[in-house]
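Residues per chain are reported as follows:
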Amino acid sequence: DSGVTQTPKHLITATGQRVTLRCSPRSGDLSVYWYQQSLDQGLQFLIQYYNGEERAKGNILERFSAQQFPDLHSELNLSSLELGDSALYFCASSVAGGVIDEQFFGPGTRLTVL
Amino acid sequence: AQSVTQPDIHITVSEGASLELRCNYSYGATPYLFWYVQSPGQGLQLLLKYFSGDTLVQGIKGFEAEFKRSQSSFNLRKPSVHWSDAAEYFCAVVGGSYIPTFGRGTSLIVHP
Chain A
1 DSGVTQTPKH LITATGQRVT LRCSPRSGDL SVYWYQQSLD QGLQFLIQYY
51 NGEERAKGNI LERFSAQQFP DLHSELNLSS LELGDSALYF CASSVAGGVI
101 DEQFFGPGTR LTVL
Chain B
1001 AQSVTQPDIH ITVSEGASLE LRCNYSYGAT PYLFWYVQSP GQGLQLLLKY
1051 FSGDTLVQGI KGFEAEFKRS QSSFNLRKPS VHWSDAAEYF CAVVGGSYIP
1101 TFGRGTSLIV HP
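In order, the protein sequences belong to chains A and B. Take the first sequence: its position 104, counted from the start at 1, is 104 in this note's numbering, and no numbers get skipped. With positions in the second sequence counted from 1, the corresponding number in this note's numbering is that position plus 1000.
Careful: at least some of the hints might be erroneous.
Restraint-style ranges between C-beta atoms, simulated for each label pair [to be verified]: (1) B:1062 with A:79: 43 to 49 Å; (2) A:70 with B:1014: 48 to 54 Å; (3) A:13 with B:1026: 35 to 41 Å; (4) B:1096 with A:52: 20 to 26 Å; (5) B:1040 with A:59: 22 to 28 Å; (6) B:1017 with A:69: 46 to 52 Å; (7) B:1077 with A:79: 31 to 37 Å; (8) B:1083 with A:27: 32 to 38 Å; (9) B:1060 with A:5: 20 to 26 Å.
Computed cross-link-like contacts, BS3-like style, restricted to lysine-lysine with a CA-CA straight-line distance of at most 30 Å [claimed, not checked]: (10) B:1068 with B:1049; (11) B:1061 with B:1049; (12) A:9 with B:1049; (13) B:1049 with A:57; (14) A:9 with B:1061; (15) A:9 with A:57.
If you are wondering where the hints come from, they were derived from the structure by calculation, not from laboratory data. Given the structure is predicted, the values throughout are model-derived calculations rather than measurements. Cβ atoms here follow ideal geometry from the backbone N, Cα and C, with glycine treated the same way.
Full structure from sequences and hints, please.
So, in structure tokens, the structure goes:
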């Protein structure tokens, strides 16, 4: 158990819908990272937040957005969902803000878009 | 732009045998290099990382990796594989943008 929690574990929804994925980092960690893992694209870095501020941005679609709240939990919002958005979404956290810092991964949220 | 290639999609070894998983990267300078392991139904766990200095890096679970600048490689090794090592292994590179790029992964199958 990495100490990073993600909810829900599974999510099934329809095309065009909007969903919110939630992540609680390890106690004391200030950075949160979001990743997408799919068969087509592999594992891709989406976005990083450090202490509430966006720190780094990867291959995140405009339909996707994220934020980190004052209590340091983070949410990833996915809207206008398409079939291709079906994937495993991981959250990770680290103590400091550098991407080279050790990241601790949550168990993921499996999103299925029908 | 940086990229990572893991040439082997699957590797099968017998328990107790040695293991080497290959990773080649493309980047204009020396990047930061990582190996992660993902067990079924789990998130990724960091095995080891290379930033600078000694090119042979020791990690957790008895793994090591060697950075070879001339070959743009960062291969992962273990002298004796255990059945519990069966998992997916990912190599990752981080360059100047501080955005990680992952390889497609190598699935390790361990025969008893």
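Which of the numbered hints above does this structure break? 7
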